[in-house]
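Just so you know, the sequence shown maps onto residues 2 to 229 in the working numbering.
For the record, the hints were derived by calculation from the structure and aren't laboratory data. In this text, all values refer to a predicted model and were calculated from it rather than measured experimentally. Heads up, none of these hints are tricks.
Computed cross-link-like contacts, DMTMM-like style, restricted to lysine to aspartate or glutamate with a CA-CA straight-line distance of at most 25 Å:
1. K23 to E55
2. K8 to E34
3. K90 to E103
4. K109 to E69
5. K109 to E138
6. K109 to D59
7. K44 to E91
8. K23 to D50
9. K8 to D50
10. K94 to D61
11. K23 to E69
12. K23 to E34
13. K109 to E34
14. K189 to D224
15. K71 to D61
16. K71 to D59
17. K197 to E215
18. K197 to D210
19. K145 to D125
20. K71 to D50
21. K208 to D32
22. K23 to D61
23. K85 to D61
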Amino acid sequence: MNLSSTKNKTACIVGSSGLVGKEVLSYLIQDNEYSTVYSLVRKPSGISDNKLREIQIDFDSFPYIIPEIKNVDVTFCCLGTTMKTAGSKEAFKKVDFTYPLEFAKWAKGVGARRFLAVSAMGADSASKIFYNQVKGEVEQAIGKLGIPTVTFFRPSMLSGNRKENRAGEKVALVIMKALSFLFIGPLKNYKAISVKKVAAAMLLHSKQDTRGVEVVLSGSMQDVKLPT
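My request is simple: use the sequences and hints to build the entire structure.
What follows is the structure in structure tokens.
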């Protein structure tokens, strides 16, 4: 698979304050192929860099015209929450379906050729599990927009430093790490994965010369080398 080596690319990311998003943002800032990185945020992050352009927006009334942004080459969507954090199915769907879809529509409008988004293992619009159903539905909706290249990343349980305390998830991660030797072959997709690996996979695929809609499973992300 050929890699695009075009310099001076412009990227735009949403969800840069999240577990995966902050790693993607860090990689983008360090990567010489990206000369400008826009980050759409609810509130200032405090991050400062010459190539970073942070723009505050209201996600509940996502603007289809952001005066500071004329065009974008690559867009990264790292938005996502949990049912517990959201508090209701409606609130969860707003963050995991409505916001990503509206961002994708906007991305197409500013000429983005590539759209990369974090999804989840088990994403399936026909699933009886609400979380997986919503993930599958948003993949389908974004895939139909006509953006030249759309890539969805489906990580297993994420390993990283979260702001919020998720006791149950911490226990599950400990168990998964202890039994990691069992996650081989097809089960590799369900092995806990570092957020740095997911972010690195997104950066790598943002440079690949592909077209159409692609799904990247967690197992293949495990093999990605971290940027140096």
